[in-house]
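S.K.: Mind docking chain B on chain A? Use the hints.
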Amino acid sequence: MRRGNYLHVAVLVIALGLSSTASAQEATSEAAAEPKKPRVVPPKLNSQRPVVECAALPFDSKEKFKVSLIVSTEGRAEEIQLVKSSTTACSDLVINAVKSLSFSPALVDEKPAAVRIRWTVLVKGPPKPKPPPKPTSDIEGKLQERGSRQVLPGLVVKLLPYNVQAITDKNGVFVFESVPEGPATLLVPSYDHEEFQIEVEVPIQEKLVLKLQPLPKSKYRISVERQRPDASRVIVSAKEAAEIPGGAGDPVKVIEVMPGVARVSAAGPNAGQIIVRGSAPEDTKNFIDGLPSPQLYHFGNLYSILQEVYIDTVDFRTGGFSVEYGDALGGILNLTLAPIPTDGSHFEADVNVYHTSIAGSTTVGDKWAVSAGVRRSYIDAILPAILEGSGAGADLIAAPVYYDYQVRADYNPDPKGQLRILAYGSDDKLAVEFAEPAAQDPQTTGFGINQKVHQIQAYYEYKFSRDFNLSAGITSGYQGLRFNIGEDRTFKLRVCPLVLRSEFGYRISNKLRLRAGVLGSTQNAGVKLNLPRRGKEGQVDDNGAGDEVFNIDVIAWQNRLDAWTELQYNPVKTVGLIVGARSANWLGSFSDSAAEPRVTLYWQALENTQLSFGAGLNYQAPLPDETADEVGNPDLLAERSIYSVLGLKQQFSDIFSFNLQFFSKELSSLVSPVPFDFENPNQVPYDNEATGSVIGGEILAQLATERFTAWLSYSLSRSVRTDRPGEPERLFSFDQTHVLSFVSSVIFGAGFKGGVRVRYSTGNPFTPLTTGYYDASSDVYVPRPVGSPLSARLQDFFALDVRISKEFRFDNWLLETYLEVNNATNRENVENVGYSYDYSERSDINGLPLVPSFGLKAVY
Amino acid sequence: MRTSVKQLAVAAFCLANAACMEGAGPSLLTSPKILAMRVQTSSTSTSSTSSAYLIDAVGHEIEEITYKICVSPWLPDEQGVNCSSLEFPLPPGPVPDSTFIDLDAYSIPDDYRARLETLYIRADDTSGNVVPAIFELELNGRIDNPELESISINDEPAENWSPAVGEHTVSLNFRDGYDPTGTITSFFTTEGSFSPWRSFDGLPSTLTIETEPASLKIYVITRRPGEGVSWVTKEVQQ
Numbered sequence: 009m010r011r012g013n014y015l016h017v018a019v020l021v022i023a024l025g026l027s028s029t030a031s032a033q034e035a036t037s038e039a040a041a042e043p044k045k046p047r048v049v050p051p052k053l054n055s056q057r058p059v060v061e062c063a064a065l066p067f068d069s070k071e072k073f074k075v076s077l078i079v080s081t082e083g084r085a086e087e088i089q090l091v092k093s094s095t096t097a098c099s100d101l102v103i104n105a106v107k108s109l110s111f112s113p114a115l116v117d118e119k120p121a122a123v124r125i126r127w128t129v130l131v132k133g134p135p136k137p138k139p140p141p142k143p144t145s146d147i148e149g150k151l152q153e154r155g156s157r158q159v160l161p162g163l164v165v166k167l168l169p170y171n172v173q174a175i176t177d178k179n180g181v182f183v184f185e186s187v188p189e190g191p192a193t194l195l196v197p198s199y200d201h202e203e204f205q206i207e208v209e210v211p212i213q214e215k216l217v218l219k220l221q222p223l224p225k226s227k228y229r230i231s232v233e234r235q236r237p238d239a240s241r242v243i244v245s246a247k248e249a250a251e252i253p254g255g256a257g258d259p260v261k262v263i264e265v266m267p268g269v270a271r272v273s274a275a276g277p278n279a280g281q282i283i284v285r286g287s288a289p290e291d292t293k294n295f296i297d298g299l300p301s302p303q304l305y306h307f308g309n310l311y312s313i314l315q316e317v318y319i320d321t322v323d324f325r326t327g328g329f330s331v332e333y334g335d336a337l338g339g340i341l342n343l344t345l346a347p348i349p350t351d352g353s354h355f356e357a358d359v360n361v362y363h364t365s366i367a368g369s370t371t372v373g374d375k376w377a378v379s380a381g382v383r384r385s386y387i388d389a390i391l392p393a394i395l396e397g398s399g400a401g402a403d404l405i406a407a408p409v410y411y412d413y414q415v416r417a418d419y420n421p422d423p424k425g426q427l428r429i430l431a432y433g434s435d436d437k438l439a440v441e442f443a444e445p446a447a448q449d450p451q452t453t454g455f456g457i458n459q460k461v462h463q464i465q466a467y468y469e470y471k472f473s474r475d476f477n478l479s480a481g482i483t484s485g486y487q488g489l490r491f492n493i494g495e496d497r498t499f500k501l502r503v504c505p506l507v508l509r510s511e512f513g514y515r516i517s518n519k520l521r522l523r524a525g526v527l528g529s530t531q532n533a534g535v536k537l538n539l540p541r542r543g544k545e546g547q548v549d550d551n552g553a554g555d556e557v558f559n560i561d562v563i564a565w566q567n568r569l570d571a572w573t574e575l576q577y578n579p580v581k582t583v584g585l586i587v588g589a590r591s592a593n594w595l596g597s598f599s600d601s602a603a604e605p606r607v608t609l610y611w612q613a614l615e616n617t618q619l620s621f622g623a624g625l626n627y628q629a630p631l632p633d634e635t636a637d638e639v640g641n642p643d644l645l646a647e648r649s650i651y652s653v654l655g656l657k658q659q660f661s662d663i664f665s666f667n668l669q670f671f672s673k674e675l676s677s678l679v680s681p682v683p684f685d686f687e688n689p690n691q692v693p694y695d696n697e698a699t700g701s702v703i704g705g706e707i708l709a710q711l712a713t714e715r716f717t718a719w720l721s722y723s724l725s726r727s728v729r730t731d732r733p734g735e736p737e738r739l740f741s742f743d744q745t746h747v748l749s750f751v752s753s754v755i756f757g758a759g760f761k762g763g764v765r766v767r768y769s770t771g772n773p774f775t776p777l778t779t780g781y782y783d784a785s786s787d788v789y790v791p792r793p794v795g796s797p798l799s800a801r802l803q804d805f806f807a808l809d810v811r812i813s814k815e816f817r818f819d820n821w822l823l824e825t826y827l828e829v830n831n832a833t834n835r836e837n838v839e840n841v842g843y844s845y846d847y848s849e850r851s852d853i854n855g856l857p858l859v860p861s862f863g864l865k866a867v868y
Numbered sequence: 095m096r097t098s099v100k101q102l103a104v105a106a107f108c109l110a111n112a113a114c115m116e117g118a119g120p121s122l123l124t125s126p127k128i129l130a131m132r133v134q135t136s137s138t139s140t141s142s143t144s145s146a147y148l149i150d151a152v153g154h155e156i157e158e159i160t161y162k163i164c165v166s167p168w169l170p171d172e173q174g175v176n177c178s179s180l181e182f183p184l185p186p187g188p189v190p191d192s193t194f195i196d197l198d199a200y201s202i203p204d205d206y207r208a209r210l211e212t213l214y215i216r217a218d219d220t221s222g223n224v225v226p227a228i229f230e231l232e233l234n235g236r237i238d239n240p241e242l243e244s245i246s247i248n249d250e251p252a253e254n255w256s257p258a259v260g261e262h263t264v265s266l267n268f269r270d271g272y273d274p275t276g277t278i279t280s281f282f283t284t285e286g287s288f289s290p291w292r293s294f295d296g297l298p299s300t301l302t303i304e305t306e307p308a309s310l311k312i313y314v315i316t317r318r319p320g321e322g323v324s325w326v327t328k329e330v331q332q
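Going down the list, the sequences are from chains A and B. For the first sequence, the working numbering begins at 9 and goes up steadily by one. For the second sequence, the working numbering begins at 95 and goes up steadily by one.
Okay, chain A solo, but in the shape it has when bound:
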């Protein structure tokens, strides 16, 4: 019961007392006759008890005024008197308020009666007036990296002194709403960038752009890899790869230091040939965004044909790869495309000793982003001077030059789907005319080569749900290759392929995932040649003596239809089993079918220790000339490899890891030249009688701290071939027992970065030659082998490359400069052996001496 109610009761009791006094006389007179106590019901207020507001009282104060009144039999308040109050200033208000009240009259013996009561009225002062509202405003801004203008999503921005924070969205944008006008502080705590703090005066008329200075530390970390269907796979970001010393900024050259890859010659007849785990160069296939690419390099593998800005990662599988890929006995090199920035326009220009390139990108509407780039070499401006100085006695008819271009578009209709389009091409040319006939072959009066490619591809991915995704790709284009040796020996090739690829992934349950896909291709090729049949790996180059010269002009079709499916089963979290099969079918000039089962098993033995095992079959079509009707054998079968891989991956936090792999390959049905047999003139030139084997181990160790990164790869292997049944085993032409690569880089600060690349490898095998006979018809000397095939080795290779770079970072653009010194020790590495014109003397052909190079890159 509230205190006010007690008062009411008291007043009522008094009132009742008065009432009883008034009626006492009647009661006395009646008591004698019939004593009876009257039944009284007090008056009752019909409405809410009023609260009177009186301006005379202080703000927000409350007072209780006591009044005395009579409630008439009609329920009206009459004879109202103020009994107690703190001020008289509010009397009228209180009396008027009471006067306006309506009561239910008191009842005495159930009859209405006028009674006087005492009552308390609550009187309050006026409300305290509110201060006028203070004005507010929103703050919106964007975080960008200083220099590159790259937007920075997911970073915390604090607003002081209000101590509220916001996180930047995918476009690097942050918003604070209703910030009081006046001074405030925005603070971005340090993560990969220096702490940033700025005083602002709210309101801010323009959208803020905060430029964060990146910390001088490596952005690269060793991350835990998920289980993949590929037993041997290394993925390197293009930005990291481009900074490897000796690569002249070409990210694709990172594969030269990957485990399992033989040392790649930088110059000479084997320049740039990628030998993966003892397989031939043509056994490794190239892809861009998962679609086959006919050409990834300019001639001599001098440079890749995609600018760095278009490459996201270099994804290299050295063996034991998923059934997703086929028609390869060696490795799979896949360049994934970098997404086009969606935060405005960007430009990049790169100038180095080989070429100049420019690229630009911009957004078109909300869903499209487009980009284009072009590159041109200027070796044609340099080499003539070198030749003139060397006294080589040659005139450049068409100096070596390469062009390439890239056009990209990304379409992002919604977060679930993305379309990536790439059109690219290159054109490489070189033509030389000798001042006098070549000593080794007088008919070689010069040579020329022109290779070009124009290709377009599109790839669409759509995630229907967390469990189901679908993708499809298409690529087509034109490839041309022409070369001539002298005037008579010519080769022209034109290829127009169309490739379609589609796949889906479906998570059946937490333990079971399914992937499947198809690949279909058709290829039209036209060949015109006037040449002898080409030599095969391991054969002695006999200077063309006695070889039949073919004059061919043919058009051929080659089609392919492959389907694959792969099931990943994780019975427990630490064990993964991936089983797949691919059906490969070749139709056309070469026809064959093959089934390729493959399996990979993972076991996460400890938290940071993973064991893996992979085994399976790979098939590959012979080269087109080997199956051509005119110069080959169309009845050849696909070459086969049975592989097995055993791996151990050990990780020590995010700083150090190593990956150890042992591998073996049994090669069979390899294409082999059939020896000449005069008694069998209709014999085929090639059959599938060659076999081979490769065995080895490799290790990749990586160390990544904030300022120091290092990469060590080492391969130990032996690759052999047997050309014909019963013949002795011989070494593979590119067998390199030991291949060691070490790459490291250090961030010094102030934009300076330095790095080294060290490479060592066993020399390639070769067959020593001596004079065989003088071919009086062609006026050339023909060699003969001194010992058994590939019985000698070139000198071991060693090279140290050094790189130092300096970055100048401005608010809206940055300038990167670098100086590289290839073969810094100026070691005379032997790339090959050469012979005098009559093969009476042998001399070493050395690789490039110490070569400094310089580059500049501006990024906006």
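The set of hints was computed from the structure by calculation and includes no laboratory data. Note that the structure is predicted; figures quoted are calculated from it, not measured. Mixed in with the good hints there might be a few duds.
Claimed, not checked - To spell it out: a stretch of chain B is covered by chain A in this simulated footprint if at least three of its residues, at any positions, have a beta carbon under 8 Å from a beta carbon of chain A; those stretches are:
1) 155 to 167
2) 171 to 179
3) 292 to 301
To be verified - Below, a sample of chain B positions facing chain A; criterion: calculated Cβ distance under 10 Å:
4) Ile128
5) Arg132
6) Pro226
7) Ser280
All C-beta atoms, glycine included, are put in the ideal place defined by N, C-alpha and C.
M.R.: For chain B alone, coordinates are given in the frame of chain A:
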């Protein structure tokens, strides 16, 4: 294709490397060597068929040349250069260092004879110390030996020239009206060197002599690739 690309690459690499260039130059003859072989339809043949040929050769310091024939290409291997099919010795011809071929005189199996398109004739020095030379005789091919008649040295007939220290221009004299376009000529000497060693289209070469020789021999051999060969020799004694 790979070999051809490889040859291109070797050539390109040699350009940059200059390591493939010859040192003293192949025009200087320092040891016995068979320099050229040629074939002529034999005017001395007793055969009524067109299967008779006269083969001869020119060599430096060669005592005597003997000939053998193989019906398939001679194959060089670790043991030497061998015939993998039928091999026949050839008799001496009517002139020194020559031989005479009359296919009708050999007992070649009919199925072989039907397939014969090319004969592979091998020339060896009797000493066995000279690199053998092999000539491919296309039985249905055209024989067109360049009509090289003589040489001039410093624009004078070679007979009037005596070797002296200095540079001497050796030019070719073809039969009147003969077009030497497309020919390749090789120049050899026993003293000094020629530059260029080989020339296109019958162009001259320069002989450089650094010390006065007691004797000197010049060999000039002109070829029309795939068709024929002719040569002129000049020997000078002081």
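S.K.: Which numbered conditions among the earlier hints are violated in the structure presented, ordered from lowest to highest?
M.R.: Of the numbered hints given earlier, the structure breaks none, since each of them holds.
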